[in-house]
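A.B. asks: As a plain string of letters, each chain reads:
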Amino acid sequence: MLPDFPKIKEKLKKAINRYLQNLVRQEPFLSQIREERHFEGNRMTLKTQDGELDQSEYKEISGELSIKKEDIITKGPMAFIENVYNTAEEIKKQKAKLVFDKLKEVTDKTGNVVNGKGQPFTFDLFIESLEKIWIDFDDQGRPYLPTLVVSPNLGAKLKEKLPEWEANSEYKKRFEDLIERKRKEWNDRESNRKLVD
Amino acid sequence: MEQGKDIVTIDENGDYCAYQLKTGNIDLNKWRNILGEVKELIELPITHPSVDKTKIHKSFLVANGEITDEVRIQIDQMNEDNQRKGRMYSYLDIINGQTLLKEFIDAQGEFIPKDLENFRLFLELFLTDGGDFLPKDNFFSFLNNAIFSDIPKQKSKAISSISSSVIMTTYMLSPYQIKNNFYALFEAWTSLAACIVRYAQKAKLKKEDWIGSFNLVKSEIIRSLSLLKNETLKREDFLEGDWLGDGGLIYRARATIVLGTLAALEVYFHKTNESYVKDEKLLKSIKDNIRILWCWGESAFPYFFNIIKYLEFSNEKQIAQSLLKALLEAIIKSNSPKSQAGLSTPYYSASDILEAVLGINTERTDFSQFAGSSYILELIILMLARRDRREILEKNWRKISHIQFKEFKLDDIEDIFLWRTEKGVNHAEFPKMTQSWKELVKEANDFSRVPDLYLEYLDLLNFFLLVCPHRINKAIIGLLDKKY
Chain A
1 MLPDFPKIKE KLKKAINRYL QNLVRQEPFL SQIREERHFE GNRMTLKTQD GELDQSEYKE
61 ISGELSIKKE DIITKGPMAF IENVYNTAEE IKKQKAKLVF DKLKEVTDKT GNVVNGKGQP
121 FTFDLFIESL EKIWIDFDDQ GRPYLPTLVV SPNLGAKLKE KLPEWEANSE YKKRFEDLIE
181 RKRKEWNDRE SNRKLVD
Chain B
1 MEQGKDIVTI DENGDYCAYQ LKTGNIDLNK WRNILGEVKE LIELPITHPS VDKTKIHKSF
61 LVANGEITDE VRIQIDQMNE DNQRKGRMYS YLDIINGQTL LKEFIDAQGE FIPKDLENFR
121 LFLELFLTDG GDFLPKDNFF SFLNNAIFSD IPKQKSKAIS SISSSVIMTT YMLSPYQIKN
181 NFYALFEAWT SLAACIVRYA QKAKLKKEDW IGSFNLVKSE IIRSLSLLKN ETLKREDFLE
241 GDWLGDGGLI YRARATIVLG TLAALEVYFH KTNESYVKDE KLLKSIKDNI RILWCWGESA
301 FPYFFNIIKY LEFSNEKQIA QSLLKALLEA IIKSNSPKSQ AGLSTPYYSA SDILEAVLGI
361 NTERTDFSQF AGSSYILELI ILMLARRDRR EILEKNWRKI SHIQFKEFKL DDIEDIFLWR
421 TEKGVNHAEF PKMTQSWKEL VKEANDFSRV PDLYLEYLDL LNFFLLVCPH RINKAIIGLL
481 DKKY
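Here the protein sequences line up with chains A and B, keeping their order.
Its first residue numbered 1, the first sequence is counted upward by one per residue in this note's numbering.
Its first residue numbered 1, the second sequence is counted upward by one per residue in this note's numbering.
Read the hints as simulated data drawn from the structure, not as lab findings.
It is possible that some hints are incorrect.
[Said to hold, decoys possible] Calculated cross-link-like contacts (lysine to aspartate or glutamate; reagent style EDC-like; alpha-carbon spacing at most 20 Å): (1) K333/B with D138/A; (2) K47/A with E429/B; (3) K423/B with D139/A; (4) K47/A with E57/A; (5) K173/A with E131/A; (6) K59/A with E422/B; (7) K13/A with E363/B; (8) K395/B with D139/A.
Work out the full structure: start from the sequences and follow the hints.
C.D. replies: Below is the structure:
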């Protein structure tokens, strides 16, 4: 063989991999989801608060990295770094799909679904969605509001609508009432967290 | 040496055999020097309560070098003379280096790694500096891939795998023995004992066929820990090796590991020795250093568990209870769902955490991943329930109920003794929001569904959890807490 530099290349490989991981983590939605490393086993189970046992298998996520030989020769590791962006995008897509598939599986099972029936996303639908979920509050009584994940089109429309909704006194009142109800629910839940006889 | 006999055995025919061991070649000069010992070997009976003195034993002179022809002739003449004159002396046989080598290859050759990967692992272990912790991942891989990989059809081969594992381990540990690295030796012998039990279970061997090897390994565990204890108690502090880079968290981690392990040894003696007397010096060392103990992550739990147990039976219950309460509060604070940095899972060793904290790790560790769950919270809760500490739990239950209990559940129970396994499930569940105290106490004291394997090897498991803290679960900790 020709002389090689395996130790240096191994370090570069790790650095490129770290860069790739960081790119994936920068995605606003995925960055809010906590990642946890598992060292063994072939599946996961979660027993929910209502005693349901949810089992999941591990799934592989991968992205292809295709680089021309000439680019490797001329650019070296930069050739990988320049191209790793597409791989990161591919991994982000697969990760997000996994998350949404799981969400769908769980919500289908529990029936915790609001069906818009193809109608535009209205304030009523927004409130109805919030009604269906648990909202927690911090020590100062501020709500931890959930993240709304929408398509780019709907996102653009919502950007226009949100100031309108905020300015509408009736909507504002309905939203505040909902938060108050959720606060009461949360207080009830928290006061149930206790050791009894 | 006792009456010319270094080793005494019983062979497959029930005959007693006595061996005198010599290093190097034996020529006429050396022979003349050792003749007195050889005569004792053949003339004096074996003195042991279980040996029938009227029965003549077989004698062997063993040399790892060569025995010259002149010496062989003298031995022949001596044997003939004894027979001719009707002396009731033992017949002297010889085993030289070449015979030893052949017998060794016949017995062990099968287990010397042939596969390149295993050979690399063997060499890495054998050529290590011996001053660091045992590379457990590699050690388990070597044992389970090179020695205990298959379950042979012939039981005798399985039994011989176990005997060979002891010899191979002895070779591999020589760098650690040279350095008197007693903690690494303890880790290695404990890992081997665990692998032996698992293999014997899988091969369905009768206990009497392998218990001899197992007991030998177990005695090495105790010996290593006893030596560690002697060394520790002779010292004024816990500094080790090069002082540059030592101290601070490294010092605290070392103190926690050493004191926790020695507490486990005392727990073992307390359980197994009726005439056990508590070691005041060790107790003082633990009490003096209690403030520097460091819970670097959940893998520190087994050390704290043993310190708590040791303090309890040494009539220091108040300190023990404070320590247990401090552990609970540390988990509740660090691993609450909104925490930015939780205590790591038991899969992260003290070294992993030190590297991360000191910023010298090659792989980034995201400590926020540990928030919201814990492998040890439930175990601590059940320990408090067993000690009737309702008030602590009552005060903290709201916070506790937000933290998931984690556990790795094995598909095959004997895999508890593996370093890693694919066969199992990473389980998580929330504590009950409203928890009945009565039910909690009942659960804490219910061992009806505990596997027999845990009960049978409880003393090994207590040591094993120090080596593989990720194998902790509520059944084992419950048993060790209540019944051990």
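A.B. asks: When the structure is checked against the list of hints, which entries are broken? Sort them ascending.
C.D. replies: Per hint list: single violation, 3.
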